[in-house]
Structures are given as structure tokens and as C-alpha cells.
Amino acid sequence: MTEPVLIKRSFLIALMVILQTIRGPLVASAALYGFASIWHISFGASAQAVIETLIFLVLLRPPLALSSQLTWRPGMIAGTVVLRWLLLMLVLSIIGYSTRTTRSYPWLALTTWYFGTPVLLIASALGVSQIMRRVILSAVSSRKVIFAGYNRASLNIARTLASNTALRLQVEGFFDDRAADRLRVEPDARLIGKLADLASYAREQAIDVIYIALPIRHVQRVLDLLDDLRDTTTSIYYIPDIFVFDLIQARSSELNGYPVVAMCETPFYGYRGLTKRMIDIGVSVCVLVFASPLLLLIGVGVKLTSPGPALFRQRRYGLDGQEIIVYKFRTMTVTEDGPVVRQASATDARITRFGRILRRYSLDELPQFVNVLQGRMSVVGPRPHAVAHNEQYRKLIKGYMVRHKVLPGITGLAQISGARGETAKLEEMEARVKHDLDYLRHWSPMLDLKIVLLTARKIFSDTKAY
262 MTEPVLIKRS
272 FLIALMVILQ
282 TIRGPLVASA
292 ALYGFASIWH
302 ISFGASAQAV
312 IETLIFLVLL
322 RPPLALSSQL
332 TWRPGMIAGT
342 VVLRWLLLML
352 VLSIIGYSTR
362 TTRSYPWLAL
372 TTWYFGTPVL
382 LIASALGVSQ
392 IMRRVILSAV
402 SSRKVIFAGY
412 NRASLNIART
422 LASNTALRLQ
432 VEGFFDDRAA
442 DRLRVEPDAR
452 LIGKLADLAS
462 YAREQAIDVI
472 YIALPIRHVQ
482 RVLDLLDDLR
492 DTTTSIYYIP
502 DIFVFDLIQA
512 RSSELNGYPV
522 VAMCETPFYG
532 YRGLTKRMID
542 IGVSVCVLVF
552 ASPLLLLIGV
562 GVKLTSPGPA
572 LFRQRRYGLD
582 GQEIIVYKFR
592 TMTVTEDGPV
602 VRQASATDAR
612 ITRFGRILRR
622 YSLDELPQFV
632 NVLQGRMSVV
642 GPRPHAVAHN
652 EQYRKLIKGY
662 MVRHKVLPGI
672 TGLAQISGAR
682 GETAKLEEME
692 ARVKHDLDYL
702 RHWSPMLDLK
712 IVLLTARKIF
722 SDTKAY
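Just so you know, the working numbering puts 632 at position 371 of the sequence shown, and the rest follows in order with no gaps.
It should be emphasised that the hints constitute simulated quantities derived from the structure, not laboratory data. No experiment lies behind these values; they were computed from the predicted model shown. Note that the Cβ used here is the ideal one computed from N, Cα and C, for glycine as well. One should not assume that every hint holds.
[What the hints assert, rightly or not] Simulated restraints on C-beta separations:
#, residue 1, residue 2, range
1, 403, 553, 35 to 41 Å
2, 317, 484, 43 to 49 Å
3, 656, 570, 28 to 34 Å
4, 347, 314, 15 to 21 Å
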């Protein structure tokens with residue numbers, strides 16, 4: 262439900278997800294060897310391999326959505342741990358009985374491990390859950406939520422969000438075309454306005470999440486609402502289940518017993534977000550370390566060949582449309598970052614002689630690996646545009662701001678597809694945005710790898726690099 266937001270906001274949270282994932286196998290394995298040491302039991306190599314493999318197969322699993330973990334009560338967590346442990350013990354018992362290996366070990370020792378380990382697993386699960394709550398409460402700022410449609414489902418979900426502070430979701434209110442007296446609005450609910458007012462309210466109040474709870478018979482109204490929201494970076498979810506729209510990273514889950522469908526959300530949720538961030542950190546560290554002599558030489562070259570700073574800093578839009586500062590080696594005689602920024606062209610007189618070489622082989626982009634380490638950018642993603650260009654094109658291209666549902670990238674699907682360089686015509690920017698949205702729809706680690714490899718090849722053959 263809110264997994265993408267929680268994961269992408271803090272690297273510490275991502276580490277907590279890793280801990281939550283490997284916690285069970287590590288605790289069970291430590292307990293196994295601990296009890297074996299107490300009872301002076303020595304496992305054979307084959308028996309040890311079988312037990313360890315089963316422990317990891319059963320207990321090492323993708324964790325629940327982070328939001329679900331935070332809303333689960335201690336009894337539910339304990340029940341899940343016990344069920345998985347019973348499944349593991351059943352499989353081990355069947356193997357032990359069929360191979361007659363259980364006779365080799367003291368019955369009391371096995372019983373101690375059978376009944377002692379679940380206690381340790383439950384204690385560790387509850388402990389990690391509490392730590393995770395504290396980390397999230399300190400690392401994630403509250404996000405504003407509104408509902409399109411007031412009914413029993415939307416009211417119950419709003420109450421669930423309000424009662425679980427660890428989710429960091431602040432319910433602002435509801436939008437509905439029916440009058441308050443007809444809706445019989447509950448005292449703990451706030452009716453803000455009509456559905457026609459929702460999109461403008463979302464933009465003006467910087468709303469982060471919208472739940473659409475309109476009946477399926479109002480398909481056209483939902484489509485109109487989605488159309489109005491294309492100029493925002495709001496995360497959009499639909500209640501109940503429906504798949505008749507042009508969706509970005511559509512997937513279903515449930516919240517408080519109600520089905521919820523992500524209609525417009527980042528692809529980087531759960532393990533996806535963790536995988537993406539780990540790859541970004543690994544690649545950027547390697548590039549910055551091994552290319553450090555080259556970075557130094559380029560910086561000196563920029564300073565010696567033209568007056569001005571070696572690095573060019575420019576405001577651009579990053580994740581969720583928030584302004585970030587992007588670093589590049591300066592390649593021009595100007596450092597434009599105002600309300601009007603002229604795009605570079607093939608015969609641009611502002612480009613220095615040394616800068617033209619840097620731009621030809623994309624060497625001016627190398628400092629952006631620092632942006633990746635900062636968490637402002639990713640190695641692969643939609644290219645960030647100057648703020649002035651964003652404000653221009655968001656008014657002209659429907660869905661333009663949706664590309665900001667992910668971190669901007671040093672390279673992207675648009676760049677390897679030929680949509681690079683100056684966008685003198687609106688159609689050229691529309692083509693770039695189309696590729697960016699396709700990237701959001703079809704992201705996978707393999708797609709990122711393909712883009713990186715094709716980018717490396719295009720560095721030496723791209724005629725649009727100037």
C-alpha cells in the first residue's frame with residue numbers, strides 16, 4: 262500500500278527490511294547450534310546441510326509489505342512465526358522419520374530446540390518490529406492523504422490510517438459530489454469539496470496520496486479524475502479492484518479487508534526499491550573511486566580552458582517533483598539556472614572547445630554519480646530537466662509530471678532510444694516522456710542493465726551528444 266514511499270525515503274529503512282528478512286533464519290540457526298552445544302550434539306555434514314537448507318527455505322521469505330508489518334499486532338506476528346515454525350518442524354520430522362536419523366539424537370535435546378526456538382523467533386520478530394517503528398517515525402515525514410468518494414470503504418480505510426501513526430499518513434478529508442447531509446458524514450470525517458475541486462486541491466496543498474473510492478459504474482468520472490491528476494506526482498490508489506485503465510505499475514493488495522489497486526505509483530517498492538538502491542550505491546562508488554584521477558584531470562581542464570567554476574550546479578526536479586541540485590562539469594561560458602534556460606544545440610556558441618569534447622562523450626555527467634550517492638538521483642531513470650523546462654512542458658504534455666514518480670537518472674530508456682539532445686519541437690519532448698513512462702511501466706533490474714550497456718555503446722556513436 263505505502264511500501265514505495267517508506268522504502269525510498271530512507272536507506273536506513275532499507276537496511277531494516279534486510280534485517281527483517283534474514284532475522285528468522287539467523288535466529289533459528291543460532292538456536293540450533295546453541296542447543297546442540299548445550300546437549301553436546303554433533304550433526305553430520307549431510308544432516309546439517311538439510312536442516313540449514315530447510316530453515317532458509319521456510320523462514321527466509323520476502324517480508325510482508327512494510328505497511329502491513331507496521332499495522333500487525335503482536336498476536337498476529339507471533340501467530341505467523343508459530344505457523345511457519347510448525348511447517349518447518351513437520352518437514353524435518355517427516356525427513357527424520359523416513360531416514361531414521363532422529364534416533365541418533367537425544368529426544369530431550371530435539372524437544373528443547375523444537376519448543377525453545379519459537380520463543381526466540383517471536384521475541385526477535387517483536388523486537389525488530391518495534392525498532393522498525395521507531396526508525397520510520399524518525400526517518401519518514403508525514404504524507405497527506407485525501408479520498409475521492411465518501412463511503413463505508415473509504416471511511417474505514419481513513420480510520421485505519423489515522424489509527425496507525427507508524428504509517429505516517431495524515432488524512433486530510435474527503436471529496437464527493439453529494440451533499441454532507443445526504444452522505445451522513447461521521448464526526449471524525451471532513452468533507453472538503455466536490456470531485457471537480459480535487460485535482461486543484463491536490464496541487465495547491467501538495468497532497469501525496471489519493472484513494473479513489475468511486476463505484477465502478479462511474480468509470481468515466483474516474484478517468485476524468487485521473488486525467489486531471491496527470492500534472493501531479495501524487496500516488497493514486499483505487500478501491501475496489503479494477504483493471505480497465507492505463508495504469509503505471511498496477512498491482513493489487515488489501516487494506517483493512519478492502520482491495521486496493523495502485524493506479525499510479527513508483528515501481529520501486531519492497532525488494533525492488535532495495536535492489537535499485539543497492540545497485541546505485543555499488544555502481545556510483547566504483548565509478549567515483551576508479552574514475553577519480555579522470556575527474557581531477559577534467560576539473561583542471563575546465564578551469565584552464567575557460568573562466569568560471571569547474572562544476573556547474575543547476576536546479577532540477579527530482580523524486581515527487583521536489584527541487585534538487587544536480588552537478589555537472591561546466592561545458593559552457595554561462596551557468597544558466599533562471600526562469601529561462603536555453604537548450605544546447607549542435608552549433609551552440611556558448612559551448613567551450615573543451616566542453617564540446619566532454620559533452621560528446623558524456624564526461625560532463627560524471628559528477629552526477631555524487632548525486633546518486635546522495636540519493637537525489639539513480640544511475641538509470643528519466644533524465645532530470647531544468648526547472649524552467651519542467652514548468653514549460655508540464656503545461657503542454659499530459660502525464661509529464663508522472664515521470665517524477667522515480668528518481669531521475671544519469672541515463673535512461675529515452676536516451677538509448679534516440680530521444681536525446683535538443684527538443685526543438687514539442688513532439689520530440691513527447692517522445693522522450695513516452696519512453697520515460699514506458700520505463701516506469703516495465704522496469705526490472707535486467708532493463709536497467711540493458712540500458713547501461715547500450716549507453717556505454719552509444720557514447721562512441723551517438724550523433725545527438727553535443
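Now the hints, each set against the structure:
no., hint, verdict
1, 403 - 553: 35 to 41 Å, "holds, 40 Å"
2, 317 - 484: 43 to 49 Å, "holds, 46 Å"
3, 656 - 570: 28 to 34 Å, "holds, 32 Å"
4, 347 - 314: 15 to 21 Å, "holds, 18 Å"
Consistency note: the structure conflicts with none of the earlier hints.
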